[in-house]
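**Q** For reference, the chains in residue letters:
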Amino acid sequence: MKYFGRLRVRRVYRWSEEPLRFNRKLKTFDYRSLAISVDGLPGVTVITTGQHILIEGKDEDSPYVARVMRLFGDESGKQKKASIRWFIRTSEIPTDKLKLLGREPHTQEIFYYQSLNCEEEVDVESILRPVQVKHLDSAAPFPDSDGKDTLYVKLSWDCKAFMEVDSTVVESMSEPALTYSLHPHASRRKPSLPPLLPCSPPAAAPASRAPSCHALPMPDPSIMHRAASGEARYTTEVESMHSATKLSASKCLSAKRRNASSRTPGVRKKLELSSPEKISCVDAVDRLLDEEPEALLAQRLSSSPPQALPLSHRLTPLRKSRRTPTSQYGVPVSPSLVLNRVSVSDINGHTSPSKDDASRAMTPSRRHPKTLRIPTLGVLAEVIDEKSQMMPAATTPRSSKRKSAQLVSDRIRKQLNLLDNHQELNSDCEDEEEFVPSKKELQSSSEGEEESGLESDEVEVVAKRNRRIASGSLTPRSKQHTRSSNRTPQKTPSKKITISTPRTPRHATPSIPSRSLPARQPANVLEEARARLHVSSVPESLPCREQEFQDVYSFVESKIIDGTGGCMYISGVPGTGKTATIHEVMRCLQHAADVDEIPPFHFIEINGMKMTDPHQAYVQILQKLTGEKATADHAAVLLEKRFSNPAPKKKTTVLLVDELDLLWTRKQNVMYNLFDWPTRRHAHLVVLTIANTMDLPERIMINRVASRLGLTRMSFQPYSFKQLQQIITSRLNKVKAFEEDALQLVSRKVAALSGDARRCLDICRRATEICEHSSTTGLVGMCHVMEALNEMFSSAYITAIKWAAVQEQLFLRAVIAEFRRLGLEEATFQQVFVQHQALCRVEGLQPISVSEGMAVCQRLGACRLLLLESSRHGVLQRVRLNVSQDDVLYALKAD
Amino acid sequence: MATRHTASSCFTEIWIEFICPLLQVQKILRERLCHQQLPEKPEGLEAQHKHLLELLKRTAVHGESNSVLIVGPRGAGKTMLLKCVLRDLLEETEAQKNLLQVHLNGLLQTDDRIALKEITRQLHLENVVGDKVFGSFAENLAFLLEALKKGDRSSSRPVLFVLDEFDLFAHHKNQTLLYNLFDVSQSAQAPIAVVGITCRLDVLELLEKRVKSRFSHRQIHLLSSLTSTQYLERVQTQLSLPDHFPDGQFAQDWNDSIKTLCRDKSVGEILQRHFNSSKDFRSLHMLLMLCLSRVSVAKPTIKPIDVQEASRVCFADATANMLRGLSILELCLIIAMKHLNDVYEGEPFNLQMVHNEFKKFLQRKSNSMYNFERPVIMKAFEHLQELELIRPVDGSSAKTQREYRLMRLMLDHSQIVEALQKYPQCPTEWSTAHLDPMQTWICCAATLQEKMFYYPREFLKLGQMKGSCATAYQIHVFHGNQHYSLKQGLTLTWGKKTWQLEWRMIFFFFMFFMDRCCDLSQQKLSLCCVAGVTVRCRKVLH
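Chains A and B are the protein sequences, given in the same order. Heads up: the first sequence is residues 2 to 896, going by our numbering. Heads up: the second sequence is residues -15 to 526, going by our numbering.
Derived by calculation from the structure, the hints in this document are not laboratory data. From the three backbone atoms N, C-alpha and C, an ideal C-beta is built for every residue, glycine too.
Restricting the straight-line Cα-Cα distance to at most 30 Å, the calculated cross-link-like pairs of lysine-lysine (DSSO-like) are:
#1 B:K34 to A:K737
#2 B:K157 to A:K630
#3 A:K652 to B:K134
#4 B:K193 to A:K723
#5 B:K193 to A:K625
#6 A:K625 to B:K157
#7 B:K157 to A:K611
#8 A:K750 to B:K193
#9 B:K34 to A:K750
#10 A:K630 to B:K133
#11 B:K101 to B:K133
#12 B:K134 to A:K625
#13 A:K625 to B:K101
#14 B:K193 to A:K668
Computed Cβ-Cβ distance ranges for the label pairs, DEER-style:
#15 A:L823 to B:P226: 53 to 61 Å
#16 A:H683 to B:E38: 51 to 59 Å
#17 A:R879 to B:S277: 35 to 43 Å
#18 B:Y407 to A:E844: 27 to 35 Å
#19 A:A631 to B:E38: 44 to 52 Å
#20 A:V596 to B:E38: 40 to 48 Å
#21 A:F794 to B:E370: 47 to 55 Å
#22 A:L823 to B:S241: 48 to 56 Å
#23 B:R358 to A:I799: 53 to 61 Å
#24 A:F794 to B:A172: 21 to 29 Å
#25 A:L890 to B:D237: 45 to 53 Å
Every beta carbon over 10 Å from chain A, so not counted as near; a handful from chain B, in silico:
#26 Q8
#27 Q222
#28 D227
#29 K344
Using the sequences and the accompanying hints, generate a full structural model.
**A** See below:
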């Protein structure tokens, strides 16, 4: 709290010089330095890239420490941002983790923070002042007194273990920042070096690395040392000791930290979440996991676009060999993204057999990217003073996301009975394959690689991420991703803003009374799976609809930004995720709007099925827009006025019209208006329409309506079996309730029939029930799924005939006999009855009376085994079969 | 004093010994047969019961939304199953406190507007905003959707929607109600369970594809796989008295008698015939009910003869019975029509053709038949049409003259033959008696009814019928000088036979057939009572 008081001292931030260059792709200007002046004080503090800074945190006494990597702002100059690398104070590391250090930490000691979970972009407004940070050799003592403002770095911390920190990080610290400002690329790239290298075996490394020194703008002798040095690992895994409370506390902290910097929603974020990293058997873990992947992703997104450019400069042959696949795709290079990198190359190693030694040598690290081992850096060229003051230990790590991620993977491994952390490569492959049976085949094709990211259900969170990056740029789709994400350079999880659709104030309406007893939570795995498989359980992401998501997103976003209007028609058979995708888009856009990334907008939704009359559409739109109630005609007038007259500061309205075909009227004026309004200059209206049939505009719309709808069309294809499988897997989210074959059977069956995701989920849900009743093994197997499929898809006609009463069966036979006699598929009751009497005699049964026969006939008609005319025709009513004759004969023959 | 005392105690003894247990038997069995009491457990439907119970329990307890269809032929026990499940479900306090129920019937809620109002009423939502709810249809829908949307899985009370005659809901415009219910059940709104009950096997084909996609495709089929031996056993259990019957000895005797009854060969045949005709229990219950009503103090058991009699009533052909109530002239016309049908192979005919045919018939037997005048024949023809024994051909315009309007005979060959065989000796002297006893009966009964309600002591006049007895209440033509008073009773003359009847008997029979009418279909109420009374009367008369 005190801290905010201090903040009130007004600081003025401005760029101290002209921009270095303009990044056209991102629409940002890069700057070299930033000037901070405090009101009333004459001095101006200049912060340049490469310098270390203090960033305001929760605690006034120990603000966060970070290093500026890059300064940039947008075109308008309103937003000033800094891309940074975090350091962590001893007070932020949990006490029990501090034990791993093996010594008492120094008060002024800080650690290089290697976690993927922290926001790497901050507003410059949060910068307090520069600070001096020095790197110390791990063995060197802390210098005695270097003033309060000097901090020392010896090790890095990745939430699990302390590791030797690379001197390149240090090097830049000790040297004046100006040096780097001349070579911004180099300075930026350097920190990423060390994590890359450690994995390469010492034997292979020197040869390739030697020339790299020359290529560097700043010759770096430390690389040589590093190459020769052995591997000293500090990787002690202690995750199991971590209590849930601490985890959540640390989560809060990291969330807070992320909040400190301004955020923008991740465009792709939600989609990415499709990957089922989460596993939920323990609540605490679950909660953590909720945040974890997003954080990861957010970070990746936030950091990747700005760093795409620097990467394209290759520094060393070694780099080249290792990075070629990645760098051209704009993989972020930053200390915290080391893991990404490693696994990227790892994946590439998988796919391209022409990998050099270096890359092959990296493979060991791939198994456990989270527990990456960084070899000690050995003796560094620089000598730094040492100080040995001990700091009081605090309990809060900067972020424990990584921890939770590891917990996840650990749990999965346990589930898979692969407990050993140090397994061979092969075992790990199996590990992955168990989840993703189709992964290999997917990887074999270049397009499959794209999909593998989507489909795979793997243990390694990070590895997966990277594969997506690596493969992403291969296709035009990923270009769109980057483009759209350009506008929103900072990505953060949107978890907190789940419901973002603007709600117009409404009249108080009653709701269903609330329960007297709370609903019970799922108790076992099957119940858990069932809850997850329910169609209503809102998924965090929509797998398999990335392309459509992107298209809609960019369409709506561009319209909102331009302040124009437009229509889009979306078609697809039921259960292909049309409405869900649009809602997802809207959630993301709303999030973007909430952080001022795009102008604010209204989102309203009407559904043709949820209104009684097409003209009610006006009423509903008006009510959702303004809260007014009006009759349909009046509402139409009001809306007309609203959309055709200019108004100041008009928000764009996004209107989703679901089940469009029901808005059809004879004169089609509802449709006409809906599509005409967006074309008005002042309307600022985007209309998204959804219907089932692809050619609806051609079929039911008259020309002037169809023309206004335009040609922006999109069609949602029914899901293929792979997609369905992926949807189930992502929903199940590592709850191991199904056998792999069973899942495949369901998805293949549904894909063959309709491609309806709802059906697929329903069948799975039913299968879990059957499994529960049969009470055999814990897993839902083929037999259960088969039973569920039979229940849902087999028609009951044959069974119904089989179990019908004798006279009913006879009557059906009489019907067929009469049809054969007539050569028609229709006969009157009287005719059939004659046959029936004859059959009765043949069967040795007492012939029935006409009214009894009529009753039999009516009963069959009620079941719709027969189709009958209305009964007022009496004996003259015509009879038709509703089942094929073969089916009837088959059913009758069986007994 | 003493004698009176003995008399009353004697009566009490009789009461306790004979009448009281019989009344209890009647009560217990009638409750069972009239479906007023749910069975302990649905027999033969255990698996379905478990499935449905689990499903609804999950909604009630876990707040999981579900939708399910119960499909089965009429009388298979669909509603009974659901009721049993609900009874068992509500035994759990957790479910009882939470579950809200909405029962809709496709026959009552014939469109979505009515259905929505009914839902709002049953959910007790109407009080919340005063009378606002019952505004327009559109407001009502928006209101209900909003209410359901506000809920969520864990906090709001689950709602059970039972849609009886589910297939009829599918005929509502756009299937709005079904779409919205299924949509709620597939989204994270208030937890609801939609249970549809229908007898149509093709019910899913009725649903629009987007509605269908939202339905969970759970179907519970009730197809009885009953064998005839099981059927017999079921009859026995249905008629047996429970162990907790107060009079143990009586129960023992009763159950033994039921056992012997079921072992009887003729009863076995009858039941087998019933079983062959239909497996549903409702028709069986009707049969047993008829047997049960014949149990009296004098005859405290069900005898095989009772079953036979009941079965005869059940299997009676209604149309053939109606034929027996026709006048000779009408019957002759029908025979003429049948001739025409045979000659022209089912081609439609008109009055003229029938008349010609009838005249040919008369020429052959000129001595025995009176040649009616054309208007009389026309009336008889119209009467037949009103009884729906003949029907005008579809599309034959009303403009055509009545004589030439094309008609079809709605009777089967076998029905006519049967009716003729059972018809009392066809009169040889048409001229002497223009009334047959049946029609007199109708006249009596109908007129009596009117008289009884309006002029209780009026004289009843009967005479020759001129015109038709289209509706039994419109007979006002009397024969000149014959007067009958109610006190004296009626004297009916038919040929050389004479019947003396007291009005009380007439009244009794009248009431009897009125009672019987209620069993028949509502549509043809008036016509059927005519037929009914004829049957009954004939029996009594002979």
